[in-house]
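J.: Turn these sequences into a full structure, and let the hints guide you.
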Amino acid sequence: MIEGMEQIVREHRFFADLGDDTIRLLAGCARNVVFKPGEYLFRTDEPADEFYLIRHGRVALDIVAPGRSAITFQTAGPGEIVGVSWLLPPYKWIHDARAVDLVRAIGMDARCLRDKCDADHDVGYQMMLRFVPMLVSRLQATRIQLLDIYGKQA
Amino acid sequence: MLDRPAAAPMVPKVVRVAAAQQELADVWTLNIDAGDSGFPFAPGQFNMLYAFGVGEAAISISGDPTRPERLVHTIRSVGKVSDALARLRPGDPLGLRGPYGGGWPLDAAVGSDVIIVAGGLGLAPLRPTLYRLMAERDRYGRIVILCGARSPTDILYRNELEGWRTRLDIEIEVTVDRAGRGWHGNVGVVTTLIERAAFDPAHAIAMLCGPEIMMRFAAAGLEKAGVSASSIYLSMERNMKCAIGHCGHCQFSSDFVCKDGPVATWADLRRLIVMREI
Numbered sequence: 001m002i003e004g005m006e007q008i009v010r011e012h013r014f015f016a017d018l019g020d021d022t023i024r025l026l027a028g029c030a031r032n033v034v035f036k037p038g039e040y041l042f043r044t045d046e047p048a049d050e051f052y053l054i055r056h057g058r059v060a061l062d063i064v065a066p067g068r069s070a071i072t073f074q075t076a077g078p079g080e081i082v083g084v085s086w087l088l089p090p091y092k093w094i095h096d097a098r099a100v101d102l103v104r105a106i107g108m109d110a111r112c113l114r115d116k117c118d119a120d121h122d123v124g125y126q127m128m129l130r131f132v133p134m135l136v137s138r139l140q141a142t143r144i145q146l147l148d149i150y151g152k153q154a
Numbered sequence: 001m002l003d004r005p006a007a008a009p010m011v012p013k014v015v016r017v018a019a020a021q022q023e024l025a026d027v028w029t030l031n032i033d034a035g036d037s038g039f040p041f042a043p044g045q046f047n048m049l050y051a052f053g054v055g056e057a058a059i060s061i062s063g064d065p066t067r068p069e070r071l072v073h074t075i076r077s078v079g080k081v082s083d084a085l086a087r088l089r090p091g092d093p094l095g096l097r098g099p100y101g102g103g104w105p106l107d108a109a110v111g112s113d114v115i116i117v118a119g120g121l122g123l124a125p126l127r128p129t130l131y132r133l134m135a136e137r138d139r140y141g142r143i144v145i146l147c148g149a150r151s152p153t154d155i156l157y158r159n160e161l162e163g164w165r166t167r168l169d170i171e172i173e174v175t176v177d178r179a180g181r182g183w184h185g186n187v188g189v190v191t192t193l194i195e196r197a198a199f200d201p202a203h204a205i206a207m208l209c210g211p212e213i214m215m216r217f218a219a220a221g222l223e224k225a226g227v228s229a230s231s232i233y234l235s236m237e238r239n240m241k242c243a244i245g246h247c248g249h250c251q252f253s254s255d256f257v258c259k260d261g262p263v264a265t266w267a268d269l270r271r272l273i274v275m276r277e278i
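If you're matching them up, the sequences are chains A and B in order.
In this text, residue positions in the first sequence follow the numbering used here: the first is 1, and each later residue adds one.
In this text, residue positions in the second sequence follow the numbering used here: the first is 1, and each later residue adds one.
Accuracy of the hints is not assured; some may be wrong.
What the hints assert, rightly or not - Stretches of chain B that chain A covers, calculated by requiring three or more beta carbons in the stretch to come under 8 Å of a beta carbon on chain A:
no. : segment
1   : 144-154
2   : 171-179
3   : 183-197
4   : 203-217
Derived by calculation from the structure, the hints in this document are not laboratory data.
Yeah, the Cβ is synthetic: ideal placement off N, Cα and C, and Gly gets one too.
T.: What follows is the structure in structure tokens.
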């Protein structure tokens, strides 16, 4: 079971170039998950206990404001990660994540992974090397969205 | 055929609108009667369109190069001239000069994968390229079309994109900056689509058109994916007045966008494009 999960984790683009020991360690925190269309992976303010490596399907990241319809600000697909709030206190989701179609993913137990990062800083560093560029990329993307580049004044 | 630029470069030919179609709330496509001999052009070229009594603007040709009898321009109403042009209706006269500028590198792309990245109205100058690519599909490798728009209601040529999407020999992905629940497609900036697209970066040519900041990030994303800077082409937009390299309004470093562009490579542009002084 774990061996199969190791292979699945290794094949995911996000963790593709990690060493065998780290993959084995990650696989120990991983499980296969499936979400039906419309089902939520997580919702705002829930504990960020599990994040997801998408293998199939598409996930919409939504923000809901009182009195307004939900706004989708990003979608994530195969090879991408859903969920970064597990990295930092208070470990709570700040948006919803909803399956647009049938989603197959690897669910990573965030508490398990945080403990392993604390115990082995090399692993923590490897996680940071992968998550920080993704966060910077998303920050840049958000800036472009805020600029409203397709608007008349752009 | 209509007057060529060399014959009387600053004198517009009077033509008439044959049909006008609303694309988006502020975007119209005009079909202009090109006469019996038609209006040959290269994908990527533009014309100077003159709204009489208002002024002249550079507008890319957005029609099918294999059908020169139909001269097509898609115009977004953003100022006095473009607003006047967008209000033209069948039978209305307008002035026309062109075609001007160099086109997209379609010959250089033969045998290569072709990546098209379009943002907003940037799809209009690229549409003639898409017609050509599809008409000569066998000459090219993979064809990947990545389109970005502000929202689902701002997707240009949506019906046409949906039709092309049914083809099995091209990849089309569309993303919007923001959407409500009714949208089941991608959300996020167009650059995110580059990471997901399948192409051979060592044998690919990319053609980008859209807001300059989008092109900057898209070009950087393509380069990160392994596409050579000299194989990434951008269509630049500057304030063009004469369109023949005389007036200097569109000067960009040592070049004139109207005459030396509007299409140029990322290798040539990337150092200049971030300079505020130019």
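J.: If a hint holds in the structure, say so; if it does not, say that too.
T.: Hints versus structure:
Coverage of a stretch by a chain is defined here by at least three residues with a beta carbon nearer than 8 Å to that chain's beta carbons; for the segment 144-154 of chain B and chain A the count is 4, and the condition holds. Remark: the segment 171-179 of chain B is confirmed as covered by chain A, as 4 of its residues place a Cβ nearer than 8 Å to a Cβ of that chain, reaching the required three. Given as covered by chain A, the segment 183-197 of chain B passes the check, having 11 residues with a CB less than 8 Å from a CB of that chain where 3 are the minimum. Coverage of the segment 203-217 of chain B by chain A holds. Counting CB-CB distances below 8 Å, 5 residues qualify, and the rule asks for three or more.
In this structure, every one of the numbered hints holds.
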